[in-house]
Amino acid sequence: MTEGTAATLPMSNHTRERVTVAKLTLENFYSTLLTQHEEREMRQKKLEKAMEDEGLPDEEKVMRRSQHARKETEFLRLKRTRLGLDDFESLKVIGRGAFGEVRLVQKKDTGHIYAMKILRKADMLEKEQVAHIRAERDILVEADGAWVVKMFYSFQDKRNLYLIMEFLPGGDMMTLLMKKDTLSEEATQFYIAETVLAIDSIHQLGFIHRDIKPDNLLLDSRGHVKLSDFGLCTGLKKAHRTEFYRNLTHNPPSDFCEFNITHDLQSSTNAYSTVGTPDYIAPEVFMQTGYNKLCDWWSLGVIMYEMLIGYPPFCSETPQETYRKVMNWKETLVFPPEVPISERAKDLILKYCTDAENRVGAVSVEEIKSHQFFESVDWEHIRERPAAISIEIKSIDDTSNFDDFPESDILQPGLSYEVFYWLNSLLFTTHFSVTFIHCQKSRQRQNRVKCLVQGHNSMCTGGSWDRRLADERLYVLSHRIY
Numbered sequence: 000m001t002e003g004t005a006a007t008l009p010m011s012n013h014t015r016e017r018v019t020v021a022k023l024t025l026e027n028f029y030s031t032l033l034t035q036h037e038e039r040e041m042r043q044k045k046l047e048k049a050m051e052d053e054g055l056p057d058e059e060k061v062m063r064r065s066q067h068a069r070k071e072t073e074f075l076r077l078k079r080t081r082l083g084l085d086d087f088e089s090l091k092v093i094g095r096g097a098f099g100e101v102r103l104v105q106k107k108d109t110g111h112i113y114a115m116k117i118l119r120k121a122d123m124l125e126k127e128q129v130a131h132i133r134a135e136r137d138i139l140v141e142a143d144g145a146w147v148v149k150m151f152y153s154f155q156d157k158r159n160l161y162l163i164m165e166f167l168p169g170g171d172m173m174t175l176l177m178k179k180d181t182l183s184e185e186a187t188q189f190y191i192a193e194t195v196l197a198i199d200s201i202h203q204l205g206f207i208h209r210d211i212k213p214d215n216l217l218l219d220s221r222g223h224v225k226l227s228d229f230g231l232c233t234g235l236k237k238a239h240r241t242e243f244y245r246n247l248t249h250n251p252p253s254d255f256c257e258f259n260i261t262h263d264l265q266s267s268t269n270a271y272s273t274v275g276t277p278d279y280i281a282p283e284v285f286m287q288t289g290y291n292k293l294c295d296w297w298s299l300g301v302i303m304y305e306m307l308i309g310y311p312p313f314c315s316e317t318p319q320e321t322y323r324k325v326m327n328w329k330e331t332l333v334f335p336p337e338v339p340i341s342e343r344a345k346d347l348i349l350k351y352c353t354d355a356e357n358r359v360g361a362v363s364v365e366e367i368k369s370h371q372f373f374e375s376v377d378w379e380h381i382r383e384r385p386a387a388i389s390i391e392i393k394s395i396d397d398t399s400n401f402d403d404f405p406e407s408d409i410l411q412p413g414l415s416y417e418v419f420y421w422l423n424s425l426l427f428t429t430h431f432s433v434t435f436i437h438c439q440k441s442r443q444r445q446n447r448v449k450c451l452v453q454g455h456n457s458m459c460t461g462g463s464w465d466r467r468l469a470d471e472r473l474y475v476l477s478h479r480i481y
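So for the sequence shown, numbering that gives the first Met the number 0 puts the first residue at 0; every next one is plus one.
Misleading hints may appear alongside valid ones.
[As the list claims (entries may be wrong)] DSSO-like cross-link-like pairs, simulated, lysine-lysine; straight-line CA separation at most 30 Å:
hint, residue 1, residue 2
1, Lys393, Lys106
2, Lys22, Lys48
3, Lys178, Lys48
4, Lys178, Lys149
5, Lys60, Lys45
6, Lys60, Lys179
7, Lys106, Lys91
8, Lys91, Lys393
9, Lys393, Lys368
10, Lys70, Lys149
11, Lys60, Lys70
12, Lys22, Lys178
13, Lys393, Lys178
14, Lys106, Lys44
15, Lys106, Lys48
16, Lys78, Lys60
17, Lys107, Lys91
18, Lys178, Lys350
19, Lys149, Lys107
20, Lys78, Lys22
21, Lys48, Lys60
22, Lys45, Lys78
23, Lys178, Lys345
24, Lys106, Lys60
25, Lys329, Lys393
26, Lys22, Lys45
27, Lys22, Lys157
28, Lys107, Lys45
29, Lys22, Lys91
30, Lys179, Lys157
31, Lys179, Lys324
32, Lys22, Lys44
33, Lys157, Lys178
Keep in mind the hints are simulated off the structure, nothing from the lab. Fair warning: this is a prediction, and the values are worked out from it, not measured in the lab.
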């Protein structure tokens, strides 16, 4: 070795992993500090502007600033609160997915009811959910509004993550559609209008949802819409891409959640098992030729069709056939004459479900809001009006709008120290949210689709058709509180 030069020593995989973990941990830490500082400054500026607009005297301003300071202090105290499983009483399992489950719980000291989302760390690592965790966490940090479900606390142990969220007793839109079969145009107008505002709220932050479907439209106690499940949401950050986290372990996980659909049947099957039914996914997402936020408006058009007609326009016996129908939408998107709908409703659906460059909303959301289908909508006060369909809630812990699930062993040991060290160092040092990946088929949905495809509608009797999506549903999602 000559003077002025240094020997380049080989680096083991173990060392390389630890270096990457340290780098990401530091980036996460300082990014969080910066974000929190910016948020505090923004809240202070908002307060000062409000006081100036109100023309308050100096004495009143001093009192308001003091109140604001106490509120900030209390907020910091809450952020430092150490919580654990012992602080909550589990009441009932209300949802289950590939990575864990959701339980209705009651906080012991206050009696408040929450939804506790329990997620297995090992499964999220094995099935390459790191990027999806970060993407969902980031959007929930930024999307501070009435259109997403709120998260109040989060904690962890060696095996699981625990997210404590507001409980939405209204269930989801799919449950409502199962009960009602079809909706009137008035009710459809209400729910589609609220969903337009919900989707636009995340678009304004630079995010694309990519998984808009009835299961992800939740209903609060008043029957108003809240958007959920941002696990497939994407933004502009490299940390939202799965490739960013690949090769950080000795045994790279399988490609569980990538949009790797091609025209061959095998690839299509793999993708369907990942993202559930392809009924609501825009064709450009499948094509991998590039897409933008307009893919969410396609999905909303499919939902609107389902509300009015009674089933998705591209439903088939198999996901593969549904995929083919979506890709051939110019021939397969038809309106059955036996279910009449207005021309303005049909026009809006066709403007949602068309080529991306011609899709409504390409210019701005105002293009959608000005459509004649929404002629009577009061966009500024829609959340203040009564919902189109009222939700009957008997008590604060009413779970009548949720399915019944047996107890599980999710709290039992089963995670090695090595996996825990990697995950805890890399990801689970800040507040965040993750999503379930729906994977289990529903016989109810399959039976209903079979009736439709074979043309034997007479077989589907009763007031509620068997039209559940081909997956298990998640009813709650997380959001930070302040």
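- prompt: Broken hints, numbered, in rising order?
  reply: 2, 3, 6, 9, 12, 14, 15, 24, 25, 26, 28, 29, 30, 32 and 33
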